[in-house]
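K.L.:
Spelled out from the first residue to the last, the chains are:
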Amino acid sequence: AQSVTQLGSHVSVSEGALVLLRCNYSSSVPPYLFWYVQYPNQGLQLLLKYTSAATLVKGINGFEAEFKKSETSFHLTKPSAHMRDAAEYFCAVSGDTGFQKLVFGTGTRLLVSP
Amino acid sequence: ETGVTQSPTHLIKTRGQQVTLRCSSQSGHNTVSWYQQALGQGPQFIFQYYREEENGRGNFPPRFSGLQFPNYSSELNVNALELDDSALYLCASSPQDRNNSPLHFGNGTRLTVT
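If you read the protein sequences in the order shown, they are chains S and X. Position 50 (the first sequence) corresponds to 72 in the numbering used here; numbering is contiguous. Position 6 (the second sequence) corresponds to 17 in the numbering used here; numbering is contiguous.
To be clear, the hints were calculated from the coordinates, so they are not data collected in a lab. Predicted, not measured: the structure shown is a model, and the values here were computed from it. Beta carbons: idealized from backbone N, C-alpha and C, even for Gly. Accuracy of the hints is not assured; some may be wrong.
[As the list claims (entries may be wrong)] Chain X stretches covered by chain S per the calculated footprint, using a threshold of three residues with CB under 8 Å from any CB of chain S:
hint : stretch
1    : 44-53
2    : 56-67
3    : 114-122
[Claimed, not checked] Only part of the chain S face toward chain X is listed, based on derived beta-carbon distances under 7 Å:
hint : residue
4    : Y54
5    : Y61
6    : G65
7    : L68
8    : L70
9    : K71
10   : T73
11   : A75
12   : F89
13   : F121
14   : K123
15   : T128
16   : G129
17   : T130
[Claimed, not checked] Pairwise CB distance ranges (calculated):
hint : chain 1 : residue 1 : chain 2 : residue 2 : range
18   : S       : V51       : X       : N66       : 30 to 40 Å
19   : S       : P101      : X       : E65       : 35 to 45 Å
20   : X       : Q28       : S       : S74       : 43 to 53 Å
21   : S       : P62       : X       : I23       : 38 to 48 Å
22   : S       : P136      : X       : E65       : 40 to 50 Å
23   : X       : T31       : S       : Y61       : 38 to 48 Å
24   : S       : L40       : X       : S38       : 34 to 44 Å
25   : S       : T94       : X       : N66       : 24 to 34 Å
26   : X       : Q29       : S       : D118      : 28 to 38 Å
27   : S       : S92       : X       : S76       : 39 to 49 Å
28   : S       : K80       : X       : P72       : 25 to 35 Å
29   : S       : S74       : X       : P106      : 13 to 23 Å
30   : X       : R26       : S       : E93       : 41 to 51 Å
Construct the entire structure; sequences and hints are all you get.
P.N.:
What follows is the structure in structure tokens.
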């Protein structure tokens, strides 16, 4: 079975600082990997996805993630944090079933201070 | 383009009761999935419907059931509600039933069981 581990339930950064949210996955098959963002009282919005093409994936809002098979990682980064980036971020994996099923991590809350 | 819409937004039920949650998929999407997100957790896959058939199910008991209609809208039914069923229920649609297709989520229905 596939799984995702997100290190750090909370990450605090200052506005303008680098954002790094960690995600490690476990999968017996080549995975598809996703990052989603959830703002308060809303559903999840797709930031970016890795589907076995380029290992460096660029997403919306200036975020990007790099797939590293040797480290089983898919960390999310952004060079400069904005106040509007404060939200909950979820990493998810799929690919080991015959249907579309995402397995999510427990999430990381990003706090951005002025 | 209309996104995924869910109704109602909030619901309060008593233990033992039954509940029906509704979801309209995004235009052009024929696959609908349901997820349960408990407070402070990542979403958990309940099941998926493709062309009106359930084609995948997570680790949820049979009292969780669903339907998909010819217009690809969907319902989630939960019988014999338990306190632990209190959660945000998210509906997601996608244009095809493939593991690398990103899901488009609605804003969810917040269910409280007392």
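K.L.:
Holds or violated: G65(S) as interface residue toward chain X, Cβ cutoff 7 Å?
P.N.:
4 Å, holds
K.L.:
Quick check: does the Cβ-Cβ distance between R26(X) and E93(S) fall within 41 to 51 Å?
P.N.:
45 Å, holds
K.L.:
Was the hint right that Y54(S) lines chain X, CB cutoff 7 Å?
P.N.:
This interface hint holds because 5 Å falls under the 7 Å limit.
K.L.:
Just to be careful: measuring from the Cβ of L70(S) to every Cβ in chain X, is the smallest value less than 7 Å?
P.N.:
Not OK, violated: L70(S) not within 7 Å of chain X, min 9 Å.
K.L.:
Falls inside 34 to 44 Å, the C-beta gap from L40(S) to S38(X)?
P.N.:
38 Å, holds
K.L.:
Tell me if the beta carbons of P101(S) and E65(X) are separated by a distance inside 35 to 45 Å.
P.N.:
43 Å, holds
K.L.:
Against chain X, run the beta carbon of F121(S) and see if the smallest gap drops under 7 Å.
P.N.:
3 Å, holds
K.L.:
For the range 39 to 49 Å, tell me whether the beta carbons of S92(S) and S76(X) fit it or not.
P.N.:
43 Å, holds
K.L.:
Restraint: G129(S) near chain X, CB-CB cut 7 Å. Satisfied or not?
P.N.:
5 Å, holds
K.L.:
Between the beta carbons of T31(X) and Y61(S), is the distance compatible with 38 to 48 Å?
P.N.:
27 Å, violated
K.L.:
Are P62(S) and I23(X) spaced within 38 to 48 Å by their CB atoms?
P.N.:
20 Å, violated
K.L.:
Does the CB of T73(S) sit less than 7 Å away from some CB of chain X?
P.N.:
4 Å, holds
Going down the numbered hints, you'll see the structure goes against 5, 8, 11, 12, 17, 18, 21, 23, 28, while the others check out.
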